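So the protein sequences, as listed, match chains A and B. Residues in the first sequence are numbered from 12 upward in steps of one, following the numbering used here. Residues in the second sequence are numbered from 271 upward in steps of one, following the numbering used here.
Calculated from the structure, these hints are not laboratory results. The structure presented is a predicted model; accordingly, all values stated were derived computationally and were not measured. Don't take each hint at face value.
What the hints assert, rightly or not - Here are the computed lysine to aspartate or glutamate pairs in the EDC-like style, where the Cα-Cα straight-line distance is at most 16 angstroms:
#, chain 1, residue 1, chain 2, residue 2
1, A, LYS111, B, GLU292
2, B, LYS340, B, GLU300
3, B, LYS341, B, GLU300
4, A, LYS111, B, GLU300
5, B, LYS341, B, ASP321
6, B, LYS340, B, ASP298
7, A, LYS79, A, GLU25
8, B, LYS325, B, ASP308
9, A, LYS81, A, ASP27
10, A, LYS111, B, GLU339
11, A, LYS111, B, ASP329
12, B, LYS341, B, GLU292
13, B, LYS325, B, GLU339
14, A, LYS78, A, ASP94
15, A, LYS111, B, ASP366
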Amino acid sequence: GEDVEQSLFLSVREGDSSVINCTYTDSSSTYLYWYKQEPGAGLQLLTYIFSNMDMKQDQRLTVLLNKKDKHLSLRIADTQTGDSAIYFCAERGSGGATNKLIFGTGTLLAVQP
Amino acid sequence: DVKVTQSSRYLVKRTGEKVFLECVQDMDHENMFWYRQDPGLGLRLIYFSYDVKMKEKGDIPEGYSVSREKKERFSLILESASTNQTSMYLCASTRDKKEKLFFGSGTQLSVL
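Just chain B, with the same shape it has in the complex (with noise of 0.2 angstroms):
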């Protein structure tokens, strides 16, 4: 089974700090994506990749960045944590654009 692995479930950070979440897919996926689950708002996209150093702007960009160094990492980069951003980030991959996406288990991150 595809396995998509975000190395932290709970992080809790102070506001203007600088936060890594880190994503990593044991299929050889191409295509990797962050979405950010709020309640009341579902999931929204906030950058995507299709292949190594590539990377597109998704729904909501603002205030995040993202690595795609290697294949099977993606990384998510918060600059400077504001409280907005406190969510539960999901990573998920898929092998070709028509396919189906797995997810990992999400990383829900507070910024006090």
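This is chain A alone, in the form it adopts within the complex (with noise of 0.2 angstroms):
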């Protein structure tokens, strides 16, 4: 079945990059999203890349998909502590009524001052 892999956990300096990859089995994923939860909030999306595009920026945020290694990251530039968070890979398939998301195990980035 469908499969979403993190990594569980990264820590980063203020101010420098932070990359959060994930890894999916799906190869007819349409869309792939990238979601965070602070601390004690529901998810709120970050950012969507549609499966034919290989990269998307906007400001600080980054995505690039390789959809032959069905490999997708998020990179933020100059991490601050506000990023500091869960950040959920998912990935949304092309067929049938439904609308299910699957979403990844969540890394939780840690960000220190």
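Build the complex: two chains, separate frames, hints provided.
What follows is the structure in structure tokens.
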């Protein structure tokens, strides 16, 4: 079945770049998403990329998609303490009536001052 | 902004109790979802609904049921709570199946 995997933890220093990685198995994925969950809150959509794109940039965020390797990454430039959160990768398949998103396990990003 | 409201932030229940988790959205969304979030497992879909009185099983429906009597409200029901249902429960909604999900802030349920 479909599976999305992420490393569980990443620690960086304030001002450095963070790179959070994700691998998925469904080659028919149409959209891939990055969600952010701050402590005590629900998930908020950060950014997404359509499967026919290689890269998307949005201010400090850069999403890279390697469709051949089924690898997605999120780069956060100039990481700030406010970026400390859990980041979830999610993918949506291409067919059927389902709107089901498959989420990864989440990566806890800890930003050290 | 879309608001998805979950009625309780924290709940503590006893084994065997019937538990209702309520979720309300204010943007007339057709689609609503219940996920549970557990450390190291990410989010897993329990049930979802595309319309009033319509429901479909997600990946882990066992031990749960849902109710969608009105478009804005989607309830998750634990008929007889068990300790392995201790978890964070997240409700989400979306206007149509290609749009992003809007999440509530979650209900942390502890079953003792």
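Q.
Check whether the Cα positions of A/LYS79 and A/GLU25 lie no farther apart than 16 angstroms.
A. Roughly 33 angstroms separates the two Cα atoms, so the pair is violated.
Q | Agreement of B/LYS340 and B/GLU300 with the hint, judged by alpha carbon distance not exceeding 16 angstroms | A | holds, 10 angstroms
Q | Distance restraint between B/LYS340 and B/ASP298, which requires alpha-carbon spacing of 16 angstroms or less | A | Status holds; Cα separation ~10 angstroms.
Q: Verify the proposed pairing of A/LYS111 with B/GLU300, using a straight-line Cα cut of 16 angstroms.
A: holds, 14 angstroms
Q) Is the hinted pair A/LYS81 and A/ASP27 satisfied, with a Cα-Cα distance of at most 16 angstroms? A) Since the Cα atoms of A/LYS81 and A/ASP27 sit roughly 26 angstroms apart, the hinted pair is violated (cutoff 16 angstroms).
**Q.** Restraint check for A/LYS111 with B/ASP366, where alpha carbons must lie at most 16 angstroms apart
**A.** holds, 12 angstroms
Q.
For a C-alpha distance cap of 16 angstroms, please report whether B/LYS325 and B/ASP308 respect it.
A. violated, 23 angstroms
Q | Proposed proximity, B/ASP329 with A/LYS111 (alpha carbon, max 16 angstroms) | A | Holds: A/LYS111 and B/ASP329 sit about 10 angstroms apart, inside 16 angstroms.
Q. Within 16 angstroms, alpha carbon to alpha carbon, are A/LYS78 and A/ASP94?
A. violated, 27 angstroms
(Q) Tell me if the straight-line CA distance from A/LYS111 to B/GLU292 falls inside 16 angstroms. (A) This hinted pair is violated, its Cα atoms lying about 21 angstroms apart.
(Q) B/LYS341 and B/GLU300 were given as a pair; does the straight-line alpha-carbon distance stay at or below 16 angstroms? (A) holds, 7 angstroms
(Q) For B/LYS325 and B/GLU339, compute the direct alpha-carbon distance and say whether it is at most 16 angstroms. (A) Distance ~11 angstroms between B/LYS325 and B/GLU339 Cα, so the pair holds.
Taken one by one, the earlier hints fail for this structure at numbers 1, 7, 8, 9, 10, 14, listed in ascending order.
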